[in-house]
Amino acid sequence: MKPCERLWEVDSLGVESTDMQDEASLARHLVTCAECRARSADLVRLRNLGREMPTVAPTPLAARRTRTRILHLASTHRPASGRLRYVALAAALVALVVGGFIVGAPWSRGRRTSVTTPDSTTIVAEQGTSFRRVREGSIERVYLDDGQLSLHVEHQSADAHFFVEMPDAEIEVRGTRFEVAVRNGKTARVHVTEGRVVLRRRATAETLLHANDTWQADEPAPIPTVDVAQLPSVPARSASPIASSSARPIRVLDGQESAQVRAYADAMSHYVAGDWDVAAQAFHDFADTYPAAPEAEDAAFLEALALTRGGRMDAASQVAQRYLVAHPSSFHARDAAVIVARAARLRGDCPAALSVLRPFRSTPESADLVSALGACRAEGRGD
Amino acid sequence: MSTGQPSRDVRRHTRPDAELLAAVARGELHALGVLFDRYHRDLYRFLGRYTIGHAEDVDDLVQLTFLELPKIAHAFVGDGSCRAWLYGIAVRLARRRRRSLARFGRMLGAFALALRGGVERDPESIVSSREDVNAFARALSDLTEAKRVAYVLTELEGLSADEAGRVLDVSPATVRTRLFHARNELRDALNRRGAR
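Going line by line, the protein sequences match chains E and G.
Following our numbering, the residues of the first sequence are numbered contiguously, the last one being 383.
Following our numbering, the residues of the second sequence are numbered contiguously, the last one being 196.
Just so you know, these hints were derived from the structure itself, not from any lab.
No residue lacks a Cβ here, since even glycine has one placed at the ideal position from N, Cα and C.
Treat the hints with caution; some may be incorrect.
[To be verified] Result set (DMTMM-like, lysine to aspartate or glutamate): computed pairs, CA atoms no more than 20 Å apart in a straight line:
| # | chain 1 | residue 1 | chain 2 | residue 2 |
| --- | --- | --- | --- | --- |
| 1 | G | K71 | E | E172 |
| 2 | E | K2 | E | E16 |
| 3 | E | K186 | E | E172 |
| 4 | E | K186 | E | E170 |
| 5 | E | K186 | E | D146 |
| 6 | E | K186 | G | E68 |
[Said to hold, decoys possible] For each label pair, taking beta carbons as the anchor points, the in silico distance ranges come out as:
| # | chain 1 | residue 1 | chain 2 | residue 2 | range |
| --- | --- | --- | --- | --- | --- |
| 7 | E | A34 | G | N191 | 16 to 22 Å |
| 8 | E | E23 | G | D169 | 26 to 32 Å |
| 9 | E | A188 | G | N191 | 55 to 61 Å |
| 10 | G | G78 | E | N184 | 33 to 39 Å |
| 11 | E | K186 | G | P16 | 35 to 41 Å |
[To be verified] Which bits of chain G does chain E cover? Going by a derived footprint, with three or more residues having C-beta under 8 Å, they are:
| # | segment |
| --- | --- |
| 12 | 38–46 |
| 13 | 79–87 |
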């Protein structure tokens with residue numbers, strides 16, 4: 001039997017834009033066409049099965065950590081102005097390689113190469129180095145992608161320029177002997193034999209190197225990992241599916257990049273170690289010192305949490321109350337309200353406990369709110 | 001809780017996506033945080049369905065997606081939601097990662113473990129619905145990547161063929177064709193397994 005001519009409409013429903021008239025027409029057709037009706041039911045069945053698949057959903061705390069991690073990583077890798085910051089290196093001298101030079105093609109890997117230009121500038125590339133030279137009029141650029149070069153650049157005339165371009169920095173040379181190495185897309189080492197160079201890398205202060213000076217990138221420090229399961233949990237909330245999210249280790253950064261990163265990492269280390277008073281003070285100091293940091297909001301809440309863990313309910317309540325005033329609609333607002341409510345209940349102030357939790361109450365009542373309100377819930381039933 | 005003027009927190013969450021992405025392009029990371037708050041749940045859900053993935057892999061892909069934004073935020077065009085655009089970034093990143101066969105095998109193998117820890121319901125419905133859902137998920141994982149992503153984007157995430165085409169950088173007709181075949185294969189697979 002020939003298939004119904006309107007089966008394609010059933011297939012298109014929900015995937016294509018249709019107007020109400022077409023939908024109404026199809027709805028009437030479905031009443032009379034068993035084939036289209038079966039197809040529609042089949043598609044709905046498949047769709048419902050798909051939507052019933054367990055979804056990956058992090059716990060709120062895991063999501064918060066992921067958010068913080070993203071902002072950390074984004075802040076340490078971004079160029080401040082979205083462009084590479086060049087800092088032409090002052091301190092030095094010299095003029096440049098003359099015209100007629102080889103440009104363009106990268107050196108193939110696996111060869112050690114020495115090049116001497118007519119004006120006696122010498123470039124020696126270590127085995128496996130990837131670089132190329134481009135000359136534009138009186139400007140010579142050596143692009144170093146990976147590996148190591150040793151350069152002896154003769155003194156440049158006033159109108160000539162010699163640059164070495166790395167993925168994350170630039171050196172302008174006026175006449176000196178130096179070596180530069182790039183590993184994994186980052187400048188790894190600069191050593192000056194004669195003369196002076198100023199090295200400026202993206203988002204850092206410049207470094208002036210004299211003869212016999214060496215600048216070397218720090219080795220990345222080992223990053224201690226902490227099992228999330230060992231951390232005290234945030235005031236209870238309904239768990240989301242997929243247990244593996246909550247068991248995923250987190251990284252407490254042992255930062256080398258900045259005092260801000262270190263300060264937050266130190267505070268978190270104390271928290272993880274259960275030094276509640278020290279952690280609370282450290283989070284407080286962090287939020288005070290770096291109010292514009294992406295983690296400042298987290299730090300303000302974690303101060304309250306650390307005080308709670310340390311049994312200082314009144315202090316925790318005050319901090320949580322300040323947090324709620326500053327961030328009334330934030331990610332941790334509900335948890336902060338729970339801290340305030342619990343402290344109010346313990347002092348016998350049920351109206352205050354009920355008031356602070358009113359925006360978060362629902363039916364059925366969630367376990368953490370039930371716990372926070374305790375006997376005050378009976379008073380609240382009149383609200 | 002607060003009265004009078006909207007708080008800074010409320011105001012920042014009503015900014016349009018295009019404005020937030022422009023801010024991210026300027027290096028304002030606070031806007032990146034707002035976008036994360038707004039879309040991370042959608043991304044986790046979509047990637048979980050699309051990759052049928054281990055939660056850690058999905059977590060990595062979500063992070064990578066948001067970390068891409070400072071580089072490409074300037075490329076967003078439009079006034080509405082950037083959800084579909086984020087899905088496109090996530091798909092490209094997932095495809096890059098999937099080139100590791102070992103990881104892909106782990107993803108498929110881990111699905112059974114993930115299902116055993118799934119949503120809690122009453123015991124009777126868990127038994128019957130999980131069989132259906134289990135069978136469906138296996139059938140979905142058996143689809144080619146191109147058909148699976150077309151199915152997930154349109155049928156499960158609710159995108160139109162036009163929107164899905166932009167996400168996948170293919171024509172809407174290609175999306176419809178892949179969807180048609182995906183549905184047929186899913187239906188046939190479930191019928192073979194006798195799933196209700």
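Task: Hint check against the structure, violated hint numbers in rising order - done: 1, 2, 13
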